[in-house]
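*Asks:* For the sequence shown, the positions run 0 to 268 when numbering that gives the first Met the number 0 is used.
Where hints are given, some of them may not hold.
Unchecked claim - In silico lysine-lysine, BS3-like type, Cα no more than 30 Å apart, as pairs:
#1 LYS221 / LYS173
#2 LYS5 / LYS221
#3 LYS5 / LYS173
It should be emphasised that the hints constitute simulated quantities derived from the structure, not laboratory data.
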Amino acid sequence: MELNNKTVLLTGASGGIGSALAHRLALAGTRLLLQGRDRHRLDRLLSGLPHIERHRVLVADLLSPDDRRALVQQVQQLGGLDVLINNAGTSSFAWLSDQTPAAVSEQLMLNLTVPVLLTRELLPLLRRPGLIMNMGSAFGAIGYPGYSVYCAGKAGLRGFSEALGRELAGSGLKVLYFAPRATRTEFNSPATVELNAALGNHTDSPEWVAGQALIALQRRQKRRWLGWPECLLVRLNALFPGLLDHALARQHATIARFAGHSHDKEMPS
């Protein structure tokens with residue numbers, strides 16, 4: 000898809016991947032609507048973009064129904080959009096039994112429920128031809144210890160993307176699922192960084208991930224997984240999940256240690 004002069008709503012714009020993607024999109028000639036919760040961070044991002052006058056900051060907490068409604072109204076007042084990128088997300092590296100109900104709920108809301116609801120409300124405002132890109136994860140297809148809730152949200156987002164894409168066939172709208180692997184951003188806790196180092200897991204820069212996301216948008220790729228061996232592991236897990244069961248079982252104690260989990264802990268009441 001030719002992105003020059005297209006209007007793009009990018010959620011989670013001030014995060015690591017979000018800000019890198021904002022720069023790539025601005026250089027490609029888009030008009031950006033930059034969503035985030037922190038106006039200071041959004042303004043700082045905006046000030047560093049080329050053609051600053053073309054872009055707008057939209058402050059909204061996506062967990063708030065009122066803020067989401069206000070965001071949709073702002074998009075409508077600005078004349079609609081051509082591309083929606085559901086990039087906002089969150090994760091917690093912890094065993095399920097060590098997480099509070101509030102933490103579980105927030106992850107599922109922001110990683111799955113919010114993009115579903117926001118997409119539904121913005122569908123009438125998307126011009127044809129148009130694109131919806133849902134920012135997934137390799138963990139959307141590989142269940143990984145310590146990320147059970149995050150995996151649930153991203154797996155749901157993958158299913159949503161596939162189903163919605165089929166619903167919208169012939170409408171002029173195309174749905175893309177873009178799945179990075181571990182990326183070097185503040186999204187990762189220190190424990191996650193230490194775990195990746197201990198296990199030798201590869202991590203990518205947000206700038207590289209953003210470049211690949213831009214290519215996926217331009218080529219309108221329905222499904223894009225990043226990284227090796229992650230691309231292979233996604234396929235193996237789909238066909239032979241027992242192989243990954245055994246492989247991850249060998250890492251189980253190490254993952255649990257970095258997640259701060261003790262098997263002596265009791266389940267919450």
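*Asks:* Hint by hint, which ones does the structure fall short of?
*Replies:* none
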